[in-house]
Amino acid sequence: MKTKFAIVTLFLTLTMGAVVSAAPKSGARKDTPPAAKPGADNSTVQDTRLEGELRFRANCGRCHAAPRKFPPRLMATVVRHMRVRATLTDEDTRLILSYMTE
Amino acid sequence: MLFQKNAAPAVCLALVLAFCAAADAQTDPNDVKPFPVFTGTTSYFTRVTGGVVQDSPSMSPLLLYPFGDKWLFEAKGSYSDTFAKNKSNAWEGTMSYGLGYAEIDYLANRYLTVTAGRFTTPFGIYGERYAPIWVRALQTGPLISSLARGSSNGGMLRGGFSVNPEIDFNYAVYFSAAVTNHVVTSDRTSGGRFGVFFPQERLELGASFQKSFQQEHSRAEGVHAVWQPNAIPLSLRSEYQWSEWRGSGFWVEGAYRLSQIPHGRPIEVVGRGQKFYASRLKPAALTKFGIANMKDTQQADVGLNYYLPNDVRVSGSYGRQFGINKDTHLWTVGLTYRFVMPAFPGGGTR
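Line by line, the protein sequences give chains F and W. At position 65 of the first sequence (counting the first as 1) the number is 65 in my numbering, and the numbers step up by one without a gap. At position 311 of the second sequence (counting the first as 1) the number is 311 in my numbering, and the numbers step up by one without a gap.
Mixed in with the good hints, there may be bad ones.
[Said to hold, decoys possible] In silico DSS-like links for lysine-lysine, alpha-carbon gap of 30 Å or less:
1. W:Lys326 - W:Lys288
2. W:Lys275 - W:Lys211
3. W:Lys295 - W:Lys275
4. W:Lys326 - W:Lys87
5. F:Lys69 - W:Lys70
6. F:Lys69 - W:Lys33
[To be verified] Interface residues of chain F toward chain W, partial, derived using beta-carbon atoms under 8 Å:
7. Ala58
8. Arg68
9. Ala76
Since the hints were made in silico from the structure, they are not lab data. Yeah, the Cβ is synthetic: ideal placement off N, Cα and C, and Gly gets one too.
Build out the structure end to end from the sequences listed, making use of the hints.
As structure tokens, this is what we get:
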């Protein structure tokens, strides 16, 4: 019981510490671009691609190796499935789908 | 008491309605119309456990059927056969099959997804994230997997959203009814999991809880951590779980992709250490509720995965399990293949 209490306390302390240390720093993570639409200029497309790749590595890479890219309509289904399963944020879902279907 | 019984569903409903009303309407990302997908994994593994050889082919088909902008039906089954030599030195097979999940998901808004049906119990991270055969880095599962039921039948609220640019929050809360049919078995439980993810550090910390409302009415709790350092292709994950009646334990796993050396990219080196502490309750008390009386056990595994093209993976591992008066060698070698295809002809290729 004491071990369990110690582990839970340690975990909560680490979580609190991590939240506090990561909390709002000015200009830390720039605003993310929206998913690029057809006809968007090159810099927007490039920003979206980079951000999508970052989100892909941070979220998908937590659990599994990079999958192949599938046709867009299949990828949309797979990403919707992963949004539910991996509790991805709405923004991550959009950017990852954009990256995986480009 | 009457108030408490009536209040829980009402509070849940109020929360759902509040979420739905407050948040923005959910639109389908990128305006790509999703098409039904048939996917899954097949595998063939040979396991040697304490000198006993077992061959085990398996298959886990998964159907993903999206409809509209907000709905998804997903169902996953599993089938495996385990062959081993019996006392007369003849091969004998034991078949097992089940329904991992068959759920309908409604993407209510950016904060909330409502799930109904049979789903993977959101307790800890292994069952939902690392259990699929093509995902798991080591084919042997953690010893603490037995502390919570793998699947539940009922309803679940879940979601993930950004708290600020540096912190994402994810959650899943559920209730489950008791079902005794062996294909869709589940317990009458309630619980959930919460996680905080720091995208820049690629660090996730979380906690789970579960309460049983049948038989022994036990509690279970757990914490987990996942970290992928930005500098090197290493994944570290760990869980600690405690159950009032079934024991406790932890596992720590590291997977390192050798992408920094020439021709090493397809190779992944894996190691895991774990320990299980048996319940301190008297065996008679456990037997009364049909709970297996397990022993303190510790185990260490090392493995190698080689990723071939087209989602084929060759895996091998060696482990050693130390129990009371028992020292067992564990070998596994095998192949996994994951397939993804349109569920129906004529779609999904454009």
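With a cut-off of 30 Å on the C-alpha distance, tell me whether Lys326 of chain W and Lys87 of chain W pass. It holds: about 22 Å lies between the C-alpha atoms, which stays within 30 Å.
Take the C-alpha atoms of Lys69 of chain F and Lys33 of chain W, compute the straight-line distance between them, and say whether it is at most 30 Å. Status holds; Cα separation ~16 Å.
Does Ala58 of chain F meet its interface restraint, that is, does its C-beta lie within less than 8 Å of any C-beta in chain W? With Cβ-Cβ at 5 Å, under 8 Å, it holds.
Please check whether Ala76 of chain F passes as an interface residue: C-beta within 8 Å of a C-beta belonging to chain W. Ala76 of chain F check passes; min Cβ-Cβ to chain W is 4 Å, inside 8 Å.
Is the interface hint satisfied for Arg68 of chain F? The criterion is a beta-carbon contact with chain W at less than 8 Å. With Cβ-Cβ at 7 Å, under 8 Å, it holds.
Given the hint that Lys275 of chain W pairs with Lys211 of chain W, does the C-alpha gap stay at or below 30 Å? Answer holds: Lys275 of chain W to Lys211 of chain W is near 23 Å, not above 30 Å.
What's the verdict on Lys326 of chain W and Lys288 of chain W, does the C-alpha distance respect the 30 Å limit or exceed it? 26 Å, holds
For the pair supplied as a hint, Lys295 of chain W and Lys275 of chain W, is the alpha-carbon distance within the 30 Å limit? Cα-Cα ~11 Å, so holds.
Between the alpha carbons of Lys69 of chain F and Lys70 of chain W, is the straight-line distance 30 Å or under? 23 Å, holds
The structure agrees with every numbered hint stated previously.
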